[in-house]
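> One letter stands for each residue in the lines below.
Protein chains: 2
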Amino acid sequence: MHATLIYGDHDIRAEEVPDPILLTGDDAIVRVVAACVCGSDLWPYRGVDAVRAPRRIGHEFVGVVEQIGPKVSKIAVGDFVIAPFYYCDMTCANCLYGYSAYCLNGGFWGTDDRQGAFADGGQGELVRVPMADGTLVATPGIPDAALIPDLLALSDVMGTGHHAALSAGVGRGDTVVVVGDGAVGLCGVLAATRLGAGRVIAMSRTPQRQQLARDFGATDIVEERGDEGVERIRELTGGIGADRVLECVGTEEAMDQSLRVARVGGQVGFVGVPHGADLRIGRLFRSNVGLRGGVASVRNTMPELLPEVLDGRLRPGRVFDLELPLAEVPEAYRAMDERRATKVLLRPEAPLSR
Amino acid sequence: MHATLIYGDHDIRAEEVPDPILLTGDDAIVRVVAACVCGSDLWPYRGVDAVRAPRRIGHEFVGVVEQIGPKVSKIAVGDFVIAPFYYCDMTCANCLYGYSAYCLNGGFWGTDDRQGAFADGGQGELVRVPMADGTLVATPGIPDAALIPDLLALSDVMGTGHHAALSAGVGRGDTVVVVGDGAVGLCGVLAATRLGAGRVIAMSRTPQRQQLARDFGATDIVEERGDEGVERIRELTGGIGADRVLECVGTEEAMDQSLRVARVGGQVGFVGVPHGADLRIGRLFRSNVGLRGGVASVRNTMPELLPEVLDGRLRPGRVFDLELPLAEVPEAYRAMDERRATKVLLRPEAPLSR
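Line order of the protein sequences matches chains A and B. If you're matching positions, the first sequence starts at 0 in numbering that gives the first Met the number 0 and goes up one per residue. If you're matching positions, the second sequence starts at 0 in numbering that gives the first Met the number 0 and goes up one per residue.
Derived from the structure by calculation, the hints contain no laboratory data. Backbone N, C-alpha and C fix where the C-beta goes; we use that ideal spot for every residue, glycine too. Treat the hints with care, as some may be off.
As the list claims (entries may be wrong) - Partner residues are not named here, just some residues of chain A that face chain B (Cβ under 7 Å, in silico):
id, residue
1, Gly195
2, Asp277
3, Leu290
Assemble the whole structure, with the sequences as input and the hints as a guide.
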């Protein structure tokens, strides 16, 4: 099959690799219908995270089950399935507590599993899925093709935006600020709206992202950043600050901005992978602003979000603004790196150039 | 009248000072029935916080209203009242949001108010109370003398322990660890028990505090600290960690301990005034442990806790293990400094040695 490998700084390729096979009775083999590139894939692509040897990459996909091991009982051959950006058993203490991204037996795509066997990355034609009964969520029947981007968004970005909103404690009537206008930030706007926020202020400078934010429910757009951004939010909130803030970037500046626009007693939910950023605890103490977040356990919230995607109420797939065949994966990364695209959807079934 | 002044490192005195008078129509004058020494009073006493000139100190008291200004309507002369450890209007945006300790017009005892007039400290015979209608909570009738310590505990420590538990999100059935066995930590044990925690693990090395923790509902005592303490909590929680952790100390070690014993997806509520302590945000991200806390808005929770104190269900006053007349305030500080007492109650009405 063909799959994506990262060779190093700005060097990404679709290449022939061995087909995955069932390795344990709990495995499934999934033929990928759609995959995508994540903002976090850009860290190694940009050389921020070192790449030692060519390795597989990608962690979001939907597809159709081709084979199952003898112990798989909840998933059947022919099912259309959504995979979270990790695999998990859904039976350990962490999974049952709602934190399957921290599954005691699970792991992440594109790395070796606990038996030392490789778990494919998703940006390829086939994936071996460990612990298929826990990991995969099947749709009732084969969904309409138009829903594929929305379903794929449940693999990571929508669930992650939702986690930011839950971590911030968004509730009915709240005033919410969303810091970051990437795919996750935009999904954060959608999640906050869905949870009943009374006002959603999106911080964005890009006209088309501003428009999508508005479509997702943003009531206000703030283009300013730093001191001016803080000042603008203060003005919009009667000098008090926002009840809830979603930090969807991961930089020190974004966290600083988030903490500064939260009101006394407010809460920051953060899902941006922190790069840098020490925090003085006294700063939280003096404002009673809570801080909560981390890797989103999207598998746990998928059953709640899926019905709304299937009936068309929730359209997170609109964050995909470019679609390419797998063979053109280098262009997919370039487009996101250069911010020409918010998020790129990849179609492995499109003919690969050989 | 007589009141307490701090002169410097380990130099505290009860001295003659002018009686307070009504300065605004919103003021009340309260004759103090009982006051006490707070763990935070030990920071200047020990020279950790510099003392520039002799100044008044103390911020917890209950008493009887002697005079009121013409604008005071909710409090009457003769009322028995409890004061929170700050004064507040209970009408500003922060007060209404539940965060009266951050009142936009309020302030702290022992400092000048916003009109530049001094607000007395509490460790004295009389106090001028600004914004009396917002600040004070009156009991129905004059309470039984036996309840004075319990009522006084609502002024700070019980409300602060309660805030730690609320900030940690303690709910029914939760496993809770309390770090710190001072008066606030012990009240945290009581608050967690009251909120329905299934298991409360108190970290304490002092036999009499262990006993009080047990009386307040602790199901387990852990004497170990550092790596051994973490290991012990892991053992007690099946290797998973605690759902909720109350950090009631304020040192870097206590915060580190708290974060290490929380389970994935757990929450740390902190009320110890942070001394030092930078936090790497990645540490929270990797565990999805939330962090929330700060100055407790005890005035907001007083109406909920007061009835339980009045009917004897809640006995936080048991944290007072020494009672002295105001004239012996130097001994009160010494006893707490040397850890001979957990918390000392002061009786201004007792005759002062002159």
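> Run through the hints listed earlier and report the numbers of any the structure violates, in increasing order.
1
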